[in-house]
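Engineer: Given the structure of chain W, go ahead and fit chain U onto it with the hints provided.
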Amino acid sequence: DVKVTQSSRYLVKRTGEKVFLECVQDMDHENMFWYRQDPGLGLRLIYFSYDVKMKEKGDIPEGYSVSREKKERFSLILESASTNQTSMYLCASSLLLTSGRRAQETQYFGPGTRLLVL
Amino acid sequence: SQQGEEDPQALSIQEGENATMNCSYKTSINNLQWYRQNSGRGLVHLILIRSNEREKHSGRLRVTLDTSKKSSSLLITASRAADTASYFCATERGPGSEKLVFGKGTKLTVNP
Chain W
4 DVKVTQSSRY
14 LVKRTGEKVF
24 LECVQDMDHE
34 NMFWYRQDPG
44 LGLRLIYFSY
54 DVKMKEKGDI
64 PEGYSVSREK
74 KERFSLILES
84 ASTNQTSMYL
94 CASSLLLTSG
104 RRAQETQYFG
114 PGTRLLVL
Chain U
-17 SQQGEEDPQA
-7 LSIQEGENAT
3 MNCSYKTSIN
13 NLQWYRQNSG
23 RGLVHLILIR
33 SNEREKHSGR
43 LRVTLDTSKK
53 SSSLLITASR
63 AADTASYFCA
73 TERGPGSEKL
83 VFGKGTKLTV
93 NP
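Residue numbers (the numbering used here), protein chains in the order written: chain W, 4 to 121; chain U, -17 to 94.
Honestly, the hints are just simulated from the structure, not real lab data. Note that the Cβ used here is the ideal one computed from N, Cα and C, for glycine as well. Each hint can be trusted.
Restraint-style ranges between C-beta atoms, simulated for each label pair:
| id | chain 1 | residue 1 | chain 2 | residue 2 | range |
| --- | --- | --- | --- | --- | --- |
| 1 | W | Asn87 | U | Asn0 | 38 to 44 Å |
| 2 | W | Gly43 | U | His39 | 30 to 36 Å |
| 3 | W | Val15 | U | Gly78 | 37 to 43 Å |
| 4 | U | Pro(-10) | W | Ser85 | 29 to 35 Å |
| 5 | W | Pro42 | U | Lys51 | 25 to 31 Å |
Pulled out of the complex, with its shape left as it was, chain W reads as follows (with noise of 0.2 Å):
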């Protein structure tokens, strides 16, 4: 089975502090993606990756940036934390879609990080 996991269930941070939010995955998956969840909102996508040390903003990336050193990591960073970044964070990946692989799209989350700036 497919593992996503995600370094914290639950992080309370100060304003203004860098919070790093990690993300490993166990798959080999080209694809991983950082999300945000608030409620009445939905999943928004931050920033996607699609190989070491590739990124794409998503619809959010202001505040934030990505790191991915390695094909199994992709790291979610607050520069400096805000208020109005308390939310719940969702890791994914998925495999790449190729031409000679039918297409995987189904991407795999790992369970969450409620993050909490005071």
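Structural biologist: Just chain U now, with coordinates in the frame of chain W:
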């Protein structure tokens, strides 16, 4: 823009009843997926239906897809208290896109 929109936003039923959730989307798709999220947890993939399929079954789940109406429905038969969760539909952002767009979900409560 929001690709998938679920309806209703919330649904409360008794154990043993069937639950039907609907999803509408705006643009052409290659496939549509349904995910479940238990409270405070990550999403779990339930089923994927391709644009050339009209109906798909998985256990107590039945998914239909009507590409002419740009809509899909998820039916859970003989519901159980453990089915209590939020259910999301998801479609790809564009042809061949790796990224998905999720709806805001239907919150299902199954009362014992």
